[in-house]
Structures are given as structure tokens and as C-alpha cells.
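Asks: Sequence:
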Amino acid sequence: MVAVLPLTPQAERLTTDKGEWLLYRAHVKGESTEALLPNMVATSLAKLPIPKLMRWGASDVHFVRPVHTVTLLLGDKVIPATILGIQSDRVIRGHRFMGEPEFTIDNADQYPEILRERGKVIADYEERKAKIKADAEEAARKIGGNADLSESLLEEVASLVEWPVVLTAKFEEKFNSRGAV
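Residue 1405 is where the sequence shown starts when you use the numbering used here, and the numbers rise one by one after that.
Do not rely on the hints blindly, as some may be mistaken.
[As the list claims (entries may be wrong)] Below, in silico cross-link-like pairs of lysine-lysine (PhoX-like), each with a Cα-Cα straight-line distance of 25 angstroms or less:
{"id": "1", "residue 1": "K1574", "residue 2": "K1537"}
{"id": "2", "residue 1": "K1537", "residue 2": "K1524"}
{"id": "3", "residue 1": "K1546", "residue 2": "K1533"}
{"id": "4", "residue 1": "K1578", "residue 2": "K1535"}
{"id": "5", "residue 1": "K1546", "residue 2": "K1535"}
{"id": "6", "residue 1": "K1537", "residue 2": "K1481"}
{"id": "7", "residue 1": "K1535", "residue 2": "K1524"}
{"id": "8", "residue 1": "K1574", "residue 2": "K1546"}
{"id": "9", "residue 1": "K1546", "residue 2": "K1578"}
[To be verified] Estimated spans, in silico, between C-beta atoms of each pair:
{"id": "10", "residue 1": "R1459", "residue 2": "N1511", "range": "29 to 35 angstroms"}
{"id": "11", "residue 1": "F1579", "residue 2": "P1453", "range": "36 to 42 angstroms"}
{"id": "12", "residue 1": "D1510", "residue 2": "D1421", "range": "52 to 58 angstroms"}
I should point out that these hints are in silico values taken from the structure, not numbers from a laboratory.
All C-beta atoms in this analysis are idealised placements derived from N, C-alpha and C, irrespective of residue type, glycine included.
Could you put together the complete structure from these sequences and hints?
Replies: So this is what it looks like as C-alpha cells:
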């Protein structure tokens, strides 16, 4: 015996070629991005596969490199959070030697451009990699050479630099032999 129950306002019947189903739909309000973002960032950082962590200063916080500033922006709003022991704000740092030491950012949309212009840092990894390749090929062409760049070398160099500059060098002939080491 099958009992037929009346449908509630939240439930409905769904009939498909595979049969009839009871379907319940409800609108559940989610949390705001501002509320979710700090935990998402902290959790993501904690899950990074970092083989060697370091500690710096008097802090007991560990990460792959020293962290001096944390900026969490949603549009023009700073999302308050403490990440890796640092309170979030609008201050960002540029390249250690070539950029401005510290500057503020008004809106998240400005990040790539302000970091490039004032900080002398190319934030986009793929853009850095492409610049290294193009600049190395151009430098090699100018001296009649060939830039022999493997993908793994490009990956490594793009991971090591923030503002790539390709240089060429010349050695005395006596240093060009490939004798036994």
C-alpha cells in the first residue's frame, strides 16, 4: 500500500522518464564574502605544499618567506583579518630594491597596475614568464646567439624574480673550454 501525502508549499513532485520524485526547494541565505574571505585565505595558505617553512623575527608564525603586509580588499573595502599574525590593511610593498618600499592601494582592481608602476613587481606569473622568454630571445638575437630555454628553467626563473631583467655577458676565451672539472 502506498500512501499519498499532500505536498507542502516547499515540496513538489518531479516526474521524469525515470520515475516520480519528491523535490524540496529552499532558499538558504549564505554568508557574505567579507565574512568568508579571512578563513578562506588562512585555510588556503595552511594547505600550501611548502617543504621548508621558516620563522622570522620574534613571531612564532611559519611560512615559506617572511610576510610583512597582508592586504585583503573587496573592491575598495578592506576586509579586516589577521593572517600569518599580521592585520590586513591597504599597505603593500614593492620590489625590495627597485620599487617604492611601501604604498597604499585604494581598490583591488588597481593591484596589478599599481604593483607594476610603483612596486616594480609583475604580479602575473605567466606574464613574467613570457617577458623572460621574449627578453632572453631578443638579447640572444642581438649578439647572434640562441636562447636555449627549457620550460623548467623558465618556470624556475619566473618563480624567483619579481621584475625580470635579462643581461648578456662575455667571458674571456680561456674560460669557454669545457674541460674536466
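Asks: All hints, please: hold or fail.
Replies: Hint by hint, here is what the structure shows:
no.	hint	verdict
1	K1574 with K1537	holds (20 angstroms)
2	K1537 with K1524	holds (18 angstroms)
3	K1546 with K1533	holds (20 angstroms)
4	K1578 with K1535	violated (32 angstroms)
5	K1546 with K1535	holds (16 angstroms)
6	K1537 with K1481	violated (37 angstroms)
7	K1535 with K1524	holds (14 angstroms)
8	K1574 with K1546	holds (13 angstroms)
9	K1546 with K1578	holds (23 angstroms)
10	R1459 with N1511: 29 to 35 angstroms	holds (33 angstroms)
11	F1579 with P1453: 36 to 42 angstroms	holds (40 angstroms)
12	D1510 with D1421: 52 to 58 angstroms	holds (56 angstroms)
In this structure, the hints that do not hold are numbers 4 and 6, in rising order.
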